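Student: These protein sequence lines map, in sequence, to chains Z and L.
Counting from 22, one number per residue, gives the positions in the first sequence under our numbering.
Counting from -4, one number per residue, gives the positions in the second sequence under our numbering.
Just so you know, the hints here were simulated from the structure itself, not pulled from any lab data.
A few of these clues could be false.
Quick list of in silico lysine-lysine cross-link-like pairs, DSS-like style, CA-CA up to 30 Å [to be verified]:
#	chain 1	residue 1	chain 2	residue 2
1	Z	K74	Z	K142
2	Z	K128	L	K89
3	Z	K164	Z	K128
4	Z	K142	Z	K157
5	Z	K74	Z	K128
6	L	K31	Z	K96
7	L	K105	L	K89
8	Z	K142	L	K31
9	Z	K96	Z	K74
10	L	K105	L	K31
11	Z	K128	Z	K96
12	L	K105	L	K25
13	L	K89	Z	K157
14	Z	K96	L	K105
15	Z	K142	Z	K128
16	Z	K96	Z	K164
17	L	K25	Z	K128
18	L	K89	Z	K164
19	Z	K157	L	K31
20	L	K25	Z	K157
Given the structure is predicted, the values throughout are model-derived calculations rather than measurements.
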Amino acid sequence: ASGKVIVMESILDLSDSDESLYGDDGPFVNEDIQALRQAWINEQCSPEILIYKSNVVADVLEIMRHQESIIDEEKSNPESQFLRSICQIELERVKYLLQCYLRIRLKKIEDFYQTVLTNDKYRSRLSPEELTYANKYQEACFKHLDGNFLTYIPEQWRSLNEPNQNMVPSPNLNTHVFCRVKEDIGLYQLDEDARFDAVELNEGNIFILKYNPIKQL
Amino acid sequence: MLVYLNERMNSIRNLRWEIGGTLPENIQSKLNESEKTFFDDYNRSLGRYIQSIGDIDLTNNLKVPPQQLYIEVHVLQDFGTLEMEDGTTLVLRKNNRVYLPRSEADPLVKQGILEHISG
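With the rest of the complex left out, here is chain Z (with noise of 0.2 Å):
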C-alpha cells in the first residue's frame, strides 16, 4: 500500500488516547511516533511484507535515545521525579510500539522464508539486518530438514521448492483487509472480470476488501 489508500487498525486498539492528542492547535504527539504506529498498523493488517520503514525506525530510536538521557540526567534531581516517570512510562511505551512492528514483520519472514528470499521484491523490502536473519533462518531450517528427512529420502524428491508442488507457503493475497481511503479515487474496478459494480473509492470510506486488487494503490 503506497500513498492512497492505508491499511487500518484491526481489533487491537491503541486509539483510546487519540482524541485527546490532535487539539486544535495541532497534534500533540511526535509526528516520527504517529509514522511508526500507521507502519505497525498496515503491517499487522497487510498478508504480505510491506517495505522496511527505516527513517522511521531511525528516527524513533533517536528520540528513545534521548529520552534515556535525559532520564538518566535527571535521575539525581529530586524536583524532577515526578515527570522522570512519566518520561519513563511513555519510552517504555514507544518501545513497545517498536518492539510490535519489528516483530510481526519477523513473524512473517520466518513463515514466508522461501517466498521472502526468493522473491525479488519481497527481498528489496526487507532491512539488511532482516536479510541476514532470514538467511540464517533458511540455513537452520534447511539443516533441521536435511539431517532428519530429507537426505535419506531419493534424490529426486528432496527440493523443497518443486514448482508444480505447493509445498512452499506464500502469503494470501486474497484475505481480507480493513482500509481506509485518503484521497478521491472514484470508481474502482475491484474484479478482472467486471462480474461486479465497481467501488467507489472516496476519501474518508472505510472499507473491508480483498487484498489482491487494492495492493498497489
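For chain Z, the structure is supplied; the task is to place chain L on it using the hints.
Tutor: Leaving out everything else, chain L in the frame of chain Z:
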C-alpha cells in the same frame, strides 16, 4: 512427514518467544538432537538480530502497551539477591510481595520465579 517436522519447528520457534533462550529439562527431553540444534541456531540468530537493531529485546511478550512502571509481584521461589539496572539490590524470598520495575520483573515472571499480582 514434512508437515510433521514443520509443525514441530513452529512449536519450537514459539517456545523461544514464550519461554526464552533456555528450555527447561522436561521440554528438552522431548526434542531430538537436530531440533535442539535448530533451537540453538534460531536462538542465536534472533539474538544477533536483536543486537543489530540496538538491543531492543523483542521477546518480552507484552500483549498491551505497558501501563505502569512498577508492578507488584509475588515471589514463588527463593531467588536470592537481585541486582537491578540502577545498581540497587533486593533480596527475593519465597512468598514475599515486592514492587519491581516492569523491565526487571518480566523476565523473572517468564521463568516462573515471580508471579504477577494484578489489580
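Student: Name the hints, by number, that the structure is in violation of.
Tutor: 2, 6, 8, 9, 11, 13, 16, 18
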